[in-house]
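S.K.: The lines below spell out each chain.
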Amino acid sequence: MTVEQVPPGLILIVSALLLPFLRGWWRAALILLAPLVALWLVWQIPDGATLKTAFMGMEMIVVKGDRLSRLFGTIFCIMAFAGGLFALRQARTIELTAALFYAGSAIGVAFAGDLITVFVFWELMALGSTIVIWSAGTEASRRAGLRYVMIHLLGGVLLMAGIVDFVAAKNTIAFGVGPIQEVLTVNRPGTWLILAGFLINAGAPPLSAWLPDAYPESSPTGMVFLSAFTTKTAVYVLWRGFQGFDVLIWIGLFMVFYGIIYALLENDMRRILAYSIVNQVGFMVCGIGIGTDLALNGAAAHAFTHIIYKALLLMSAGSVLYMTGKRKCTDLGGLFQSMPLTCICGIVGALAISSFPLTSGFISKSMISQGAADQHLALVWFLLAAASAGVFLHAGIKFPWFVFFQKDSGMRPPDPPWNMRLAMILFAALCIGLGVWPEPLYALLPLQPVTYKPYTGYHVVEMLQLLLFSGLAFFVLLPFMKRTLTISLDVDWFWRRLGAKLAREFTMRSNRARGITGERLQYRLSKALETVFHFHGPKGILARTWDTGTTTLVIVGLLAVYLVIYFL
Amino acid sequence: MKDEKNNSGDPHWLVRPQTIRRLWFIFAAVLAATVVAGLFVSLPGHFKWDGEFWFFAAYGFATCAVMVFGAKALGFILKRPDNYYDD
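Residue numbers (this note's numbering), protein chains in the order written: chain G, 42 to 609; chain Z, 62 to 148.
Derived from the structure by calculation, the hints contain no laboratory data.
We treat Cβ as the ideally placed atom computed from N, Cα and C, and that holds for glycine.
Some hints could be false.
Covered by chain Z, per the in silico footprint, the following chain G stretches (three or more residues, Cβ under 8 Å) [to be verified]: (1) 397-409; (2) 417-426; (3) 521-529.
Calculated lysine-lysine pairs in the DSSO-like style (CA-CA distance at most 27 Å, straight line) [said to hold, decoys possible]: (4) Z:K140 with G:K448; (5) G:K523 with G:K367; (6) Z:K133 with G:K367; (7) G:K580 with G:K568; (8) G:K369 with Z:K140; (9) G:K542 with Z:K140; (10) G:K367 with Z:K140; (11) Z:K133 with G:K448.
Isolated chain G, as found in the complex (with noise of 0.2 Å):
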């Protein structure tokens, strides 16, 4: 086996099932070493398949490279150090077992060549996520675990019931940009089917709910791994397999907006951060649906991007968590006097996704826009314009101003331990990094050559106008937001309230009736009894001893209607 047949998520697998076993300096080496192996993995892989089996009579393509593989394989490594860094020391060895193991799964996704791989990575990664959230060890996780798990496996199911059909019709696995393509003009259900199993995990609509459902009840460090890999991997496939399908414009604003209007009713930091991540992988999905070169490499950048800042938010909030144990707005705020570290990186992370020039959101979602122009899609580009702002508003102002900010909550903890900062700091360098020189992602992009120049006058009026008017709107509506101790019904109300209350009156109502008809029943089942008693016990009719000149008399009589009867 040569260096580029190893599945480089194969050794965050390998090391995830190993880490239980590893204490000390050992522990810490192999999850600090193990992605950055992983990474040097990714960049040995050449274009095309390298790694096959049979599988049921199909060839199945466990590693197969190109540049959109290489791109988000890079970015999982990159997420997978991070994090590890930052979970290091606070988080349980199940959590890091569990988010090795989710991150080597994401992984795989990425270098899958063919569908029933990807499956199997796909489910691999809902199990990984799973124990993730489950590590917080309190109930509400518990809870909040279970109906995540349960979401995620309708999704398999509708992705393995799309792949039954996607053979049926092509007698192929393959996984690439043509053969899904040439199903969706067949219009086969499966394309659907795999459609719908695809956008459960981008946290699409109607099932969005699960995301800021299940993210904000995991730990302090688990809500930073669990913000990276599902969605993306969603992003991942649909750029692969349904990229210019224009209904994925329309479901990414949707996304886009709903994002926006759930994080400003929000009062859970963490859970503003989880609305936040629809609201952005809704730009990359209206991207991959807008589907032109620029768009399609705006999308893939504004993943890799995003995968950044977005965890740099999370651990900015995942540090106050940590240090305070609060996480609703209402009892935050003043914390940027005892937490500057926290509170600077927190603003690093929030200028970044608002897309401020020369932060590393501006050079990436300033394509997808760019691409929406240049196709003369204008409700799409004013929207998304609208939407660019509202990030601003609901993530880019709202979350360090109501946590470090707004009163004082008269809290003063310390920022925290040095791996957390040290995390902290490194994404946040990224994230200027990539916006002061966007060359080297631009470098990576899928789709080559990349002639796009993010920096010009107009884009950078155009940005700064947009988010320093929708800063002015949101410190001008301030009395209009004030938190309240409240949450917002989801989609998720149906099972979560309906479906419980339905179950318990069904319970009550079945119960009732079995005690109905046991007690028929048992009457029946009593008087039944008493009548065999009344032949059978020891003084019925039929139990009673006989003497013998009556029993012979008996049988003499029944032999003489036999003969009779044999006779006629």
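Assemble the complex: chain G is given as a structure, and chain Z must be docked to it using the hints.
M.R.: Okay, now just chain Z, sitting in the frame of chain G:
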């Protein structure tokens, strides 16, 4: 904003009223500068209105106002106490 005190009893310099007043002045100047800058760059104007130098300032403010009030209106229907699912 309320007075915030640090451990020594003085409000942190960033939350003193005169700092906040100064920050508002700076913010207003920056806002004005971005609009003026619109006059000096060539805005391609892909569509009808977006070629105007003030367009993105107005659009950013207006759309944010719509989103804030839209969210508030939806909040009347969607908001529930945060222990709603606990029982």
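S.K.: Among the hints numbered above, which are violated by the structure, and what are their numbers in rising order?
M.R.: 1
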